[in-house]
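Student: For the sequence shown, the positions run 2 to 130 when the numbering used here is used.
Hints were generated in silico from the structure; no laboratory data involved.
Honestly, I wouldn't trust all of these hints.
Claimed, not checked - Dumping the calculated DSSO-like pairs for lysine-lysine here, alpha-carbon to alpha-carbon at most 30 Å:
1. Lys40 to Lys97
2. Lys56 to Lys97
3. Lys40 to Lys56
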Amino acid sequence: GAPAAGAEGDARRDAGPAELREEWAARGCDWAWAHDGAKQNGWFRLRAAGTLESKWGPGSWRLLGEGPEPPLLLVAFGGVEHALRLAGDGFDVVSKRRLAAEESLAASSQGSPPTPGAPACCPTRGWPS
């Protein structure tokens with residue numbers, strides 16, 4: 002395997018288009034976060050190898066979904082996984098899970114992931130920054 006220094010180098014690189022798929026890659030790796038949907042109160046940056054940096058500390062990300070619709074972006078930080086759906090020029094949140102009490106949406110056997118037309122689960126929104 003690669004030496005630890007190589008792995009650290011990967012984590013400091015922004016995620017590439019092949020990792021993010023076209024729909025998310027077109028909007029970049031740096032995102033604003035607005036808990037109330039309007040006023041930015043945080044941020045996150047998608048890094049290579051499924052890692053992310055955020056205002057709230059390190060975390061992880063992965064895409065969920067195959068097929069013609071843009072995939073959901075699962076971002077986890079602070080012990081909470083958020084399922085982000087592209088909406089207009091940014092994203093809204095269609096699922097939130099506390100990972101200490103619930104499994105990841107990606108691993109869940111409880112039904113299927115939210116559909117593209119699912120309602121947002123909270124007012125949080127974000128946009129490329």
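Student: Output the indices of the hints that this structure fails to meet, ascending.
Tutor: none
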